Amino acid sequence: MTDPKTTITRFAPSPTGHLHIGGARTALLCWAYAKANGGKFVLRIEDTDQTRSSESSMRGILEDMAWLGIDWDEGPTLDGHPQLGGDQRNVGPFFQAQRLDLYNTHIRQLIEEGKAYPAFESPEELDAARKEAIASKTGYKYNRAGLDVSIEDRIARMDAGEAHVVRLKMPDEAITVHDEILGDVTVEPTEFDDFIIRKRDGFPTYHLAVVVDDALMGVTHVLRGQEHLINTPRHIAIQQALGFDTPSYGHMPLIFNPDGSKMSKRDKDKLAKKSVKDQKVESSPIDSVSDADFGAWLKDKTRQLPSDQLIELAAFLDISLPEIDVEDFQRAGYLPGALNNYLALLGWNPKTKNEDGTDLEHFDMDYLASHYTTAGMSKGQSKFDRVKLMSFNGDAIAALTDEDFAKSWYAWASKYDQPLAERFDLDSMLMLAPAVKTRCKTLADGRSVVGFALIADDEIEYDGKAVHKALIKGDKKGLELLIGFRNAIESLTDFSPAPIEALVKEYAESQEVGMGKLAQPLRVAVTGAAVSPPLGQTLAILGKASVIARIDRCAEGL
RNA sequence: GGCCCCAUCGUCUAGCCAGGUCCAGGACACCAGGUUUUCAUCCUGGUAACGCGGGUUCAAAUCCCGCUGGGGUCACCA
1 MTDPKTTITR
11 FAPSPTGHLH
21 IGGARTALLC
31 WAYAKANGGK
41 FVLRIEDTDQ
51 TRSSESSMRG
61 ILEDMAWLGI
71 DWDEGPTLDG
81 HPQLGGDQRN
91 VGPFFQAQRL
101 DLYNTHIRQL
111 IEEGKAYPAF
121 ESPEELDAAR
131 KEAIASKTGY
141 KYNRAGLDVS
151 IEDRIARMDA
161 GEAHVVRLKM
171 PDEAITVHDE
181 ILGDVTVEPT
191 EFDDFIIRKR
201 DGFPTYHLAV
211 VVDDALMGVT
221 HVLRGQEHLI
231 NTPRHIAIQQ
241 ALGFDTPSYG
251 HMPLIFNPDG
261 SKMSKRDKDK
271 LAKKSVKDQK
281 VESSPIDSVS
291 DADFGAWLKD
301 KTRQLPSDQL
311 IELAAFLDIS
321 LPEIDVEDFQ
331 RAGYLPGALN
341 NYLALLGWNP
351 KTKNEDGTDL
361 EHFDMDYLAS
371 HYTTAGMSKG
381 QSKFDRVKLM
391 SFNGDAIAAL
401 TDEDFAKSWY
411 AWASKYDQPL
421 AERFDLDSML
431 MLAPAVKTRC
441 KTLADGRSVV
451 GFALIADDEI
461 EYDGKAVHKA
471 LIKGDKKGLE
481 LLIGFRNAIE
491 SLTDFSPAPI
501 EALVKEYAES
511 QEVGMGKLAQ
521 PLRVAVTGAA
531 VSPPLGQTLA
541 ILGKASVIAR
551 IDRCAEGL
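Mind the numbering: the first sequence is residues 1 to 558 in the numbering used here, read in order.
Just so you know, these hints were derived from the structure itself, not from any lab.
If a hint is listed, it holds; no wrong ones were tucked in.
Below are the DSS-like pairs computed for lysine-lysine, each with C-alpha atoms no more than 25 Å apart in a straight line:
#1 K544 - K476
#2 K544 - K505
#3 K273 - K262
#4 K415 - K437
#5 K262 - K277
#6 K383 - K262
#7 K388 - K262
#8 K437 - K505
#9 K301 - K274
#10 K415 - K268
#11 K517 - K465
#12 K141 - K131
#13 K131 - K199
#14 K383 - K351
#15 K299 - K270
#16 K469 - K517
#17 K407 - K441
#18 K544 - K517
#19 K169 - K199
#20 K301 - K280
#21 K299 - K277
#22 K169 - K141
#23 K415 - K441
#24 K273 - K301
#25 K465 - K476
#26 K115 - K169
The model shown is predicted, which means the values in this text are computed figures rather than measured ones.
Make the full structure from the sequences, and use the hints.
What follows is the structure, encoded as structure tokens:
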């Protein structure tokens, strides 16, 4: 008989910052696992660390997940996304800080059954013991020495209000984790110690909270990063002590930078600090600071500013930092579909062939939600290859319809590039779409493709080499064609890409020259450079008046 | 350092569990050619890997052992 129990997975971030890209992959795969098995995906906020948790981080994480399209069936609700969150089975609340009674009930039960006990060593005492262990190059373990003090005494002291922690009495048998990805992993009892399940401040530790919540929320499958593998025997010990079922576990390989370093926020902070401090700027971009003082000003800021403001300063100075958080990728112009696709493929292979026999690599959320299985997970760590991600993103952009591209581009610009959104409205972007789509890997790249239109007509800087090649070389034949075309274009009434292209072609034929002979002088005259999108879009986006003004200005200078 | 996990092109990976069809397939990147009014796209072709050493076997990328290398963990963080 098959177990009719619904598959329940969960993602349980702690709200101590933005959603990290590694966390996003965990969330994505948990989501996919639940969907592929017709189950539910639960979002829970692990805010038991009172000093580091914040409301704004929590919101940020929820918004990042919503942007990625990872929707949760149960969990906190997010304004403006009525379909997200809720508590269909009445298993909430979904904030650990609101579940203290639940944890305490279970902790009390463990103590009364003799499976856990209050302990009274001070943090200083334990630190000293830990330092000693490190000095002697052995692993630190809590010494259960005082356990002969009767449990009744301990409970009495605890109930009298003495400061204490609660520790779980670990079993003296080996514990085996049956991991869906790694296989069986057995840890010997000699590796265990009586770890803390409730802190001095009355909050449970992660270990206790996660076990109680997963059990009470009916979580059947836990997918998480491999850094948790070593915690799992502890969790199993708590489950056994409490009489809970052990869910199925799968520990996913970790993701690293190409150089093998950790992909951590800390590294971004460090790099921001260093880059800002070492930034060489000829002239100060800040009015109140003189050019000469700018270097010292930066050094000073590096010392004073917290990391998030340093990152803002780096952005202001045009220093590019590696994308680490989901929000960084959004800002950099990635599409959620491409990011999800790449993320899912990092460490997972769908083991499906395309029609031509090559491996399937491009798939969407629907595919993931119906095909994901831990069987395709690799065991080894992998490196995050931004170049390949960018290629995926370029493919995803190219695959968008013109309408969808324009919408995405406009939405992105409205959020991250105001000047661009002011220069081009949605219709302009729609017109540019066919030209821009194949020329950018990210939405942010779009700016450079149409950069020529962002400059005033009389501020175009001409590339000398391009001008010479297209307009001057060969008895100024190029210039002559350009001027002739300028006159032809004045009478064009519909100044949109197709008629413009047609006119260019027609005029070139009438002058008995190849397209290139006319196109390059024209391109250089209106953009200043030998490279631009096709002439139809290039001229149309400028508008007739601007095109003529640019041609005239260019011709005058020759 | 103890314990635990891992190891195929530069990178992500297929193949490994059920050894031969693998002088190892795909993707990104790179190189060369083609299409194209420039650029980009697109198309064709190419370079490039089983970490090392032992076994087992008629036969090993595939099974076993050791070494080396990478990673995780050793908190009153999660």
